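As you go down the protein sequences, you meet chains R and B in turn.
Here the first sequence is numbered in the working numbering, starting from 105 and rising by one per residue.
Here the second sequence is numbered in the working numbering, starting from 479 and rising by one per residue.
Quick caveat, the hints were computed from the structure, so don't treat them as lab data.
Just so we're clear, the structure is a prediction, and the values are computed from it rather than from any experiment.
A few of these clues could be false.
Unchecked claim - Partial selection, computed: residues in chain R whose CB lies under 8 Å from chain B:
| id | residue |
| --- | --- |
| 1 | Asn112 |
| 2 | Gln114 |
| 3 | Glu131 |
| 4 | Leu134 |
| 5 | Ser168 |
| 6 | Val200 |
| 7 | Glu202 |
| 8 | Gln208 |
Cβ atoms here follow ideal geometry from the backbone N, Cα and C, with glycine treated the same way.
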Amino acid sequence: MLEGAGKNVQIAIKRQGRQATARLAGEFDLKAAPQVREQLDGLIDAGMQRIIIDLRGVRFLDSSGLGVLLGRYRRLSERGGSIYLLTASEGSVRTVLEMSGVRQVMPLLASESEVPRG
Amino acid sequence: MTQYFELSCPNRPENVGLCRVAVATFAANLGFTLPEIEEIKVAVSEAVSNVVVHAYPGADGPIALRCDAREDGIAIAVRDAGVGIADVAQARQASFSTDPERMGLGFVFMESFSDEFSVESEPGKGTRIEMVKRREAPAEEA
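Let the sequences and hints guide you as you build the complete structure.
Structure (structure tokens):
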């Protein structure tokens with residue numbers, strides 16, 4: 105499923121049981137935030153317990169995007185679920201994630217194979 | 479005449495990217511490196527996003543952006559004529575936000591990714607943010 109073609113950000117979602125992977129590409133800023141929030145909230149509302157958000161295709165991230173990630177973490181953790189973030193090891197997206205401190209609540213992983221088995 | 483540009487646009491989310499790309503292009507022409515430009519883009523995005531989200535609650539209003547080339551880098555000013563910030567010192571603290579979906583990191587990123595940073599705000603009259611970013615490497619001779 106590919107959502108958001110022609111917009112700031114594209115989102116591809118893959119579901120497997122109660123785990124979902126959301127692969128984002130593009131620029132994750134204020135313009136993209138509502139679209140990403142809606143998609144991720146849909147996964148949470150559908151009962152997903154583990155959501156892997158793949159940010160490796162995101163070429164720009166600011167505090168608007170971070171707010172969406174943290175807000176989804178809060179919602180899912182209230183339901184006992186977990187969010188894992190996949191990111192490149194360097195670059196501005198990684199820098200912004202590191203500076204924000206989100207890794208204290210959402211692990212920053214290099215690939216899907218590093219996600220702990222549920 | 480020193481190189482500069484000015485841009486004025488409505489407080490719409492899509493204009494955050496417009497301002498970001500405009501400043502990035504200007505900075506690239508001044509000889510900033512790619513990592514420096516990435517930092518400038520985040521700082522500009524935060525400043526303009528603040529205008530879109532906070533300056534004109536429920537109303538339309540202008541974002542005014544100006545960039546000036548400096549001998550050592552770039553000066554960026556983002557200005558609005560909105561509601562202003564009641565307590566600038568509080569707004570600059572990490573994790574302060576009037577919006578639960580935002581992390582209160584906007585000012586943190588603006589300060590971290592610029593070499594000089596200032597905020598002037600007056601309730602009811604608007605806010606002006608100024609950032610200076612210096613080049614690490616000297617610009618090539620023309």
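Check the structure against each numbered hint from earlier and tell me which ones fail, lowest number first. Violated hints: 2, 7 and 8; rest satisfied.
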